[in-house]
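Undergrad: I would like the entire structure built from these sequences, with the hints used as guidance.
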Amino acid sequence: VDDTVTVTVISDNLMSGTIADNQTINSGDDPAAFTETTPATGAGTLSYQWQSSTTSSTANDFVNVTGATDPTYDSGALTQDTWFRRIVTSTSGSSTCTATSNVLQITVVSDNTPPTVDSFTTSDITPTLTGQGEPNEQLMIEVDVDGDGIAEVVYMVTTDNDGNWSINPEIDIPISGNFPVLADNDSITVSATDSAGNTGVGTVIISILDSDSDGIPDVVDLDDDNDGIPDEIEQNGDPTRDTDGDGIIDSLDLDSDGDGLLDVFESGANTNGLQISADGRILGPVGNDGIPDDVQNSTDANSGTINYNIQDTDGDGKNDFQDVDDDGDGILTISEDLNEDGNLNNDDCNDNGIPDYLDANSCIITRIPEGFSPNGDGINDTWVISGLEAFPNHHIQLFNRWGDIVFDAKSYQNDWNGTSNGNRVFRSDEKLPVGSYYYILDTGNSQAGTLTGWIYINY
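Quick note on the numbering used here: the sequence shown kicks off at 427 and runs consecutively.
It cannot be assumed that every hint is accurate.
Unchecked claim - No farther apart than 16 Å at their CA atoms in a straight line, the calculated lysine to aspartate or glutamate pairs in the EDC-like style are these: (1) K744 x D664; (2) K857 x D830; (3) K857 x D834; (4) K744 x D868; (5) K857 x D841; (6) K857 x D807; (7) K836 x D868; (8) K744 x D807; (9) K744 x D841; (10) K836 x E815.
Everything labelled a hint here was simulated from the structure, so no lab data went into it.
TA: What follows is the structure, encoded as structure tokens:
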């Protein structure tokens with residue numbers, strides 16, 4: 427008889443491991459998944475069972491969580507304080523050993539802070555909706571377009587790590603309904619609700635701007651001010667470009683550089699035959715692209731292109747309509763309107779067929795100062811007429827209010843300091859009194875003619 431007995435000995439070295447730290451969450455939130463900080467170890471095959479308690483951490487209060495048999499566990503959303511632990515079982519043959527982990531407590535606090543919805547006005551009929559909530563929380567977004575309190579479309583969205591959320595109606599798919607077709611002056615109410623039932627509300631207003639009243643909304647209009655220059659060229663990659671700093675961006679400014687000459691006349695377009703309003707808009711038919719048809723190829727009037735080259739007369743890299751000195755002659759464009767009729771194209775003082783504001787070799791006078799202060803402080807002590815050297819045959823005279831000549835000069839050198847060189851009223855080299863004096867400047871040029879005006883002397 428064989429009296430041999432086989433005994434299987436399981437080494438008592440099962441270690442339960444440790445699970446993640448305690449957490450505090452808002453009611454309705456999902457805590458971070460419970461992971462191992464120290465893995466369980468044992469001689470046999472390990473299996474797991476998670477247990478929970480909603481009353482206390484006392485051992486007898488724990489019950490098994492159905493289906494929670496992995497080394498890690500995600501509890502899902504919780505609305506009350508809950509304790510968790512993990513039972514580890516080591517099985518070898520018919521023998522088993524168990525070990526219990528540390529207890530993990532999830533503290534649930536009331537969440538009374540609603541998510542937010544950004545309110546704004548836009549010309550976009552499919553606006554991107556935005557707002558904020560708690561980081562990584564799920565929100566229900568409802569859109570009510572007719573103000574009846576019933577949402578036409580509902581989305582579910584999860585905030586990012588910073589709590590931001592956004593919905594693009596052209597991309598994101600709702601869980602119910604369809605994003606409404608919006609029109610000018612529509613107002614939609616957008617609400618965001620979190621898992622705790624807190625709701626934030628915002629309003630989005632649709633305002634379809636048509637700056638040039640051409641029937642093409644700015645949002646799709648390639649020339650918002652109808653000056654014949656595409657907005658893309660006027661802004662040149664900078665949506666805030668405002669060349670003259672007047673608070674109006676160039677794509678809406680009919681005189682972008684503030685030089686007194688309307689953009690349409692500085693653009694390079696052939697303006698002969700164009701109907702142009704007094705403020706510088708091209709009148710006439712406009713295609714779907716918003717650019718006046720008269721500055722587009724007739725066979726491709728909706729192409730978004732123009733039939734001329736943008737003008738940069740002096741080649742300085744600044745388009746003329748954004749350059750206060752188009753010809754680079756050091757004389758401001760606004761100062762090259764000799765006859766002061768507001769039309770710089772009819773000023774050609776040297777009769778070479780090129781308007782003075784585009785002719786670096788013109789004979790234009792920059793400006794005649796309206797006053798100066800010859801008090802010897804080194805600032806504005808003489809009457810300086812810029813560009814006078816272009817008129818070598820000029821003759822200038824100044825008169826007091828009684829018509830007496832107080833200053834008379836030919837080939838004036840911009841060096842007059844307010845002293846009289848007349849003999850009837852004041853002694854030669856005697857300072858003139860404070861006051862206004864009338865000047866007559868005969869340029870000696872048939873195109874430039876005679877210039878007159880007043881200057882004021884003050885000490």
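Undergrad: Hint by hint, note whether the structure agrees.
TA: Status of each hint after checking the structure:
Among the hinted pairs, K744 with D664 is consistent with the structure: their alpha-carbon atoms are about 15 Å apart, no more than 16 Å. The straight-line distance between the Cα atoms of K857 and D830 is roughly 15 Å, inside the 16 Å bound, and the hint therefore holds. Taking the CA atoms of K857 and D834, the gap is near 15 Å; set against the 16 Å cutoff, the hint holds. Annotation: proposed proximity of K744 to D868 is violated, straight-line Cα distance about 35 Å (limit 16 Å).
Restraint check for K857 and D841: satisfied, since their Cα atoms lie roughly 14 Å apart, inside the 16 Å limit. This hinted pair checks out: K857 and D807 have alpha carbons roughly 12 Å apart, not beyond 16 Å. Of the supplied pair hints, the one linking K836 and D868 holds, its CA atoms being roughly 10 Å apart against a limit of 16 Å. Under the criterion of a C-alpha separation no larger than 16 Å, the hint pairing K744 with D807 is inconsistent with the structure, at around 35 Å.
Taking the CA atoms of K744 and D841, the gap is near 35 Å; set against the 16 Å cutoff, the hint is violated. Proximity of K836 to E815 is assessed by CA-CA distance (about 11 Å); at most 16 Å being required, the pair is judged to hold.
Violated hints for the displayed structure, listed by number in ascending order: 4, 8, 9.
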